[in-house]
Amino acid sequence: MTIPLPARIGLLVVLTTGFYTYVGQLVPQKEVQPPQETAIRADLTTADMVTVGRQIMEGKGLCFTCHTIGKSGVLRFPDLDGVASRAATREPGLSDVEYFAKSIYAPDSFIVPGFNPGMPVINKPPIGLTDQEILCVIAYLQTLGGTATVTLQTSHRYYTAPGAIPPAPPDEKAEPGEKLPLTLPPAQKGETPKAPAAGPTPGKKGEV
Amino acid sequence: MNGVRSKQLLFVLGPLTGLVMFGAVIIVATFLTNREYREPDRAPIAIVDPTPRASGLADEAAAADAAAKAKPYVEAEYRRFPVVGSRVAIWAVAQLHLLFAAFVLAVPIFALIIEVIGYKTGDKRYDRLAHEFSKLLSVSFSLTATFGAFLTFMLIALYPKFTNYLMSVFSPTFLPYVLLFFAEAFFLYTYYYGWGKFHPLVHIALGAGLNLVGTGIMLIANSWLTFMMSPRGISDSGALISLEDAINNYTWMPINVHRIIANVAFGGSVAAAYAAFKFLAADTDEERAHYDWMGYIGNFVAIISFLPLPFAGYWLAKEIYAYSQTLGLTMMGGAFSWLFIIQAVLIGNLFLGANYYLWLGMGRVEGAQPFQRFVKYLLVAIVLCFMIWATPRSIIATVSEIRAMGGSTHPILGFFGVMSAKNTAVNILILTTFMSFLLYRRTGRTATVSWAKTGQAVQLLIFGAAAVFVIFLGVYGYFVEASVRIGLSVPQVSSVLFAMVSISVIDIFLFRRPKLTGEVRWGRIPAISQYVLIFIAVTFTWLMGLMGYVRSGLRQHWHVYGVIRDTSPDAFTPTLGFATQVVSVTVLLFFVLIGFVFWLASLHDRPDFEAGTKAS
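Residue numbers (the numbering used here), protein chains in the order written: chain A, 7 to 214; chain B, 6 to 621.
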């Protein structure tokens, strides 16, 4: 029996698309939901912040798309294992918290030697972490080779906790490694602390 | 005789049935009306109070009227499409629109080139071939426009708020778009129906106009979709600052170039599939020879356009990274990274199919045996490259397997999962396919120029040097830091492009006035080669669907990346398995519709009804 030509061609088309659909089922299947807003309660302890920070890094922050923990060899982005111990001494004059904050708010201002600029601005869309969420991330990062110390009342040069003394606006012209002012001007009563501009907008390459 | 009586009977029964049905409707309506509740006959309402039921009905009507009048206008953000949901509905319609649009834009490009070759050489076969290609255009154009209108209405109905935003940004581009569309219709139908009716140069000018206008339409539409991916020229809240910047955003030009090349490759493959269909259905050797030649030309167009496509892809990916690292990393290292393994399978199949067709094609040329012995080496190279390209960085494994491997990366295969290996594999794959073309070109002819041996030696040297250089850079990439490694893909691509261009130029001069050693017997090719052409067309179409998904899906839960967030129930990114199912359904729908186009085009060659009746 001869199969009619249209049926033969139809069969070939169906089998080919079927094969590719089958290949599509063989790869890992993951449904990615839009990031959920993490509720940051005002009474979070540092230990709670570490847990929340880890969740943010795995989810909304997309950190582990690039960064790894405890991996060596050919890496495109720095491994975070032991990063807390390196952070305290990475840039002269910057504490670990200040270094982490700078890496997150102005990621292109310092590039780890051997790597290319590639870290996006985290506190603006599309990722858009809030200042409190970033504090939680810093708390988690501090546990990678150190001990978490930050609280929701911790201020740094890019963020002033409610009720705390507003820090000096960041010096965008500061060269990498330049010592930052350690003394902060006193806050004026009733003045609303303002978060400074954070890093370049998408598409504009920052200075390394 | 019986047949005539039956027809007469049917002629009488038709109106009779209609009358019976009409009578039945009247009876049923009367029956229902007679049983309707009616108010009893009473004195006028001014004298007698209404019954409680009547006043209750009046109150209800008044309340409903008041509620209707007080209903506030609420602007819908989203509407739901039944069963499959809004996203899948838009996805399928957009994909079908784009597939037909790609075909309609591509066919005039190579039809015009073939027509120009025919005009320059005076060979009428080329003119006939170009005309044959253009037969596929008119119905496809109508389907493109229909799906375009369908997509527009679906966007307005299902995503009104977002569509309204896009209109607020791009409304100045709508009038030029519509005018160009009118011009496209004018050029397309004049080009097709005017075949052989004008001076050849006038007709060629019409073809050039068709291509220019078609490209213009594509550029405008590309600005809308690339803006969604890499918005520019707007404020933080999305207000338009510069329309020029919104159009000329980061990914606009790379997408334009990528689409033009991909459209030609896709259009060539679908036209080759049409030729294959006609070849398989042909009754005479003459028809088979013609459609074999047409299929060869279609496939040649597809593969030659396909070879530079990965380079255009590199540029697009580079611009995506330049715009937003997050977007780039989502594509290559995040939710979509495994999609590129599926892509590797598709492209590997395309290369295998294209090479296999060429090798089968050598059989139609007398004296091709000396070249056919190289086929096995080419096959080994292609299979090896395919395997390397399809090797993932990390492997899906059980816990015990991961423990045995010492991690999710295989100790040996893991080396093939990184970009150094993959870039090398794809470049060698391109070089190997190019070599197949060169061998095919040599079948049945010998170079007669005095410097033939030197020329061939130089070609071989360039080819070998390019291959060694590409492999060297691939291996070198393992020993340098990421910042250096990323830059190595540029010299790899450049060396392959240089090899392809320089060898082609030498080849053109080398085979000027060659000595013919064997005749090309068009039509003398195994039937399986035609199924390979159809397989290539389906694979191209599926690849277009898959890559269309990654381009659009990359935005994830954003309508306009970083500016307008998708808050609909469809805002999640589906599994790759689901995405491939949608792509497959769309591809099948496309082939049903393109089959209809092929059938309509083939009606040209059939005798008309009257002539057929008389002949029988």
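Heads up, some of the hints might be wrong.
Among the chain B residues that face chain A by a calculated CB cut under 10 Å, a handful are [what the hints assert, rightly or not]:
#1 F27
#2 G28
#3 A67
#4 L332
#5 A340
#6 T396
#7 P397
#8 F540
#9 M552
#10 A584
#11 L598
Honestly, the hints are just simulated from the structure, not real lab data. Ideal placement from N, C-alpha and C gives every residue a C-beta, glycine not left out.
Original post:
What are the numbers of the hints the structure violates, in ascending order?
Top reply: 1, 2, 3, 6, 9, 11
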